[in-house]
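Enquirer: Sequence:
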Amino acid sequence: MSNVTPLTPSLTYAEPDFALIAQSTKDISRLAVFQTPKMMAVMDKAQRASTNALALDPVLGEKLVAISTKAQNLDFRELFGQLAEIDQELAKGKLSPADVKAAQGAREELTGLFGTQISDIKATLRNAATGVKQKLGEISAIVLSERTQETLTQQEQRKPELVSAIAAKRAAWKGLDGDRAKIIAAQDVIRARNIVDIYKDFIPKDLEKVDLKKPEAEAIRLGVEVLKKIMGEISEGFKYSDLADQRKALDSQIEQLDSDILALVAEQRENDALIGDLSAVISIDGKRNALIGEVNKLPSAFTGFADELDKLSGTAVTEASVTKILSSIKTYAANCLDARNRVIIT
163 MSNVTPLTPS
173 LTYAEPDFAL
183 IAQSTKDISR
193 LAVFQTPKMM
203 AVMDKAQRAS
213 TNALALDPVL
223 GEKLVAISTK
233 AQNLDFRELF
243 GQLAEIDQEL
253 AKGKLSPADV
263 KAAQGAREEL
273 TGLFGTQISD
283 IKATLRNAAT
293 GVKQKLGEIS
303 AIVLSERTQE
313 TLTQQEQRKP
323 ELVSAIAAKR
333 AAWKGLDGDR
343 AKIIAAQDVI
353 RARNIVDIYK
363 DFIPKDLEKV
373 DLKKPEAEAI
383 RLGVEVLKKI
393 MGEISEGFKY
403 SDLADQRKAL
413 DSQIEQLDSD
423 ILALVAEQRE
433 NDALIGDLSA
443 VISIDGKRNA
453 LIGEVNKLPS
463 AFTGFADELD
473 KLSGTAVTEA
483 SVTKILSSIK
493 TYAANCLDAR
503 NRVIIT
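Converting from the sequence shown to the working numbering requires adding 162 to each position, the first position being numbered 1.
Derived by calculation from the structure, the hints in this document are not laboratory data. Certain hints may be false.
To be verified - Computed list of lysine-lysine pairs in BS3-like fashion (alpha-carbon distance at most 27 angstroms, straight line):
1) Lys-200 with Lys-321
2) Lys-367 with Lys-390
3) Lys-284 with Lys-295
4) Lys-331 with Lys-321
5) Lys-391 with Lys-375
6) Lys-207 with Lys-459
7) Lys-486 with Lys-459
8) Lys-331 with Lys-391
9) Lys-295 with Lys-207
10) Lys-331 with Lys-390
11) Lys-376 with Lys-401
12) Lys-331 with Lys-410
13) Lys-391 with Lys-367
14) Lys-367 with Lys-401
15) Lys-295 with Lys-492
16) Lys-295 with Lys-473
17) Lys-376 with Lys-390
18) Lys-459 with Lys-188
19) Lys-284 with Lys-410
20) Lys-390 with Lys-410
21) Lys-207 with Lys-321
22) Lys-263 with Lys-284
23) Lys-336 with Lys-410
24) Lys-295 with Lys-336
25) Lys-367 with Lys-410
26) Lys-284 with Lys-459
27) Lys-473 with Lys-492
28) Lys-401 with Lys-390
29) Lys-295 with Lys-188
30) Lys-376 with Lys-336
31) Lys-459 with Lys-492
32) Lys-401 with Lys-391
33) Lys-207 with Lys-188
Said to hold, decoys possible - Label pairs and their in silico Cβ distance ranges:
34) Ala-329 with Asp-500: 57 to 63 angstroms
35) Val-427 with Ala-354: 36 to 42 angstroms
36) Glu-395 with Gln-319: 43 to 49 angstroms
37) Ser-403 with Thr-313: 52 to 58 angstroms
38) Glu-395 with Ala-343: 18 to 24 angstroms
For every residue, glycine included, the Cβ atom is placed at its ideal position computed from N, Cα and C.
With the hints as extra help, turn the sequences into a complete structure.
Expert: Now the structure itself:
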């Protein structure tokens, strides 16, 4: 150990973007609220990723505080001063054998104390790196995107199919409802004008000979046209009961279409909700990866600082070299804590 060896510049390490970490964590938490119970296995994983992401921030704060506190408490100026004094006295060669032995013992004690304190901060740095990596491992181990994109693509392809199916059903409903309205209008005229009493079983073919107003005759004619469309041409003509029968048939078909449309609309809503949930899972995966990328800068720095301290041996151990590394550690931890505290996740 010496206090005169030239200073070797300490390496610099990237500091995480704590604003990005905080925003990614909040986004993951927000996105992990799902609309549908489908794909629960994937949703459960996403919610677990959210829980683990929220649990990460306190660990980062704890590790940074531990490193900062340990580094702040280390000041080797007095120790190196004492070593310099001992080395100067030994270099003079005027000490008695007993004094030399005592001086060498004192020197060993000081270097032992230095070694212990350096070992302590290296252990703090490596333990912090391990702790953060462990938490990151819990987040990264959750498989989110596997087959999620494939399933999302399938559901998105179903979306236009449902839109088309609903449109077709509604168009069919509109056509049937129009036919039913014509039959009802014809029935209303027939009942109002007592045509059944005059023309008995069959609807009169020559409506112009019937004492009807033009709109009334047109209503019956349109009703008959509906019967022709449904039943085809009948030589003997259509019965009044045909109107009633076809109205019932149309009622039944319209009721079925109502049911079909409701089912398709429900499926459409469910499909849209599932698309939203699957899209959220994919977004969570991306934000999770961004979060991991930023947080990974911490264990890299912690391990790097510990490795730098490992390299201090022999003449490389100087007050300047040690102070330089410790100063870098203090600055790094302080900057990270300050950045974290500005965007602390609540």
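Enquirer: Sort out whether Lys-375 lies within 27 angstroms of Lys-391, counting only the CA atoms.
Expert: holds, 25 angstroms
Enquirer: Hinted pair, alpha-carbon criterion (27 angstroms max): Lys-207, Lys-321. Please report holds or violated.
Expert: With Cα atoms ~25 angstroms apart, Lys-207 and Lys-321 stay inside 27 angstroms; holds.
Enquirer: Taking only the CA atoms, is the gap from Lys-367 to Lys-401 under or equal to 27 angstroms?
Expert: The given pair, whose Cα atoms are some 11 angstroms apart, holds under the 27 angstroms limit.
Enquirer: Given the proposed pairing of Lys-207 with Lys-188, does the C-alpha separation stay at or below 27 angstroms?
Expert: holds, 17 angstroms
Enquirer: Take a quick look at whether Lys-263 and Lys-284 sit within 27 angstroms of each other, Cα to Cα.
Expert: Given that 27 angstroms is the threshold and the Cα spacing comes to 31 angstroms, the pair is violated.
Enquirer: When you take the CB atoms of Glu-395 and Gln-319, is the distance between them in 43 to 49 angstroms?
Expert: Given a distance of about 45 angstroms, which is inside 43 to 49 angstroms, the answer is holds.
Enquirer: Assess, step by step, whether the Cα of Lys-401 is no farther than 27 angstroms from the Cα of Lys-390, and give holds or violated.
Expert: holds, 12 angstroms
Enquirer: Please verify whether Lys-295 and Lys-473 have alpha carbons no more than 27 angstroms apart.
Expert: The given pair, whose Cα atoms are some 23 angstroms apart, holds under the 27 angstroms limit.
Enquirer: Is the Cα-Cα distance between Lys-459 and Lys-492 27 angstroms or less?
Expert: Roughly 16 angstroms between the alpha carbons, so the hint for Lys-459 and Lys-492 holds.
Enquirer: Lys-390 and Lys-410: Cα distance at most 27 angstroms?
Expert: Distance of about 16 angstroms is within 27 angstroms: holds.
Enquirer: Is the hinted pair Lys-200 and Lys-321 satisfied, with a Cα-Cα distance of at most 27 angstroms?
Expert: Satisfied, since the Cα-Cα distance of roughly 16 angstroms is no more than 27 angstroms.
Enquirer: Against the 27 angstroms threshold, does the CA-CA distance of Lys-331 and Lys-410 hold or violate the hint?
Expert: Between Lys-331 and Lys-410 the Cα gap is close to 19 angstroms, so the pair holds against 27 angstroms.
The structure fails to meet hints 19, 22 and 24 from the earlier list, while all remaining hints are met.
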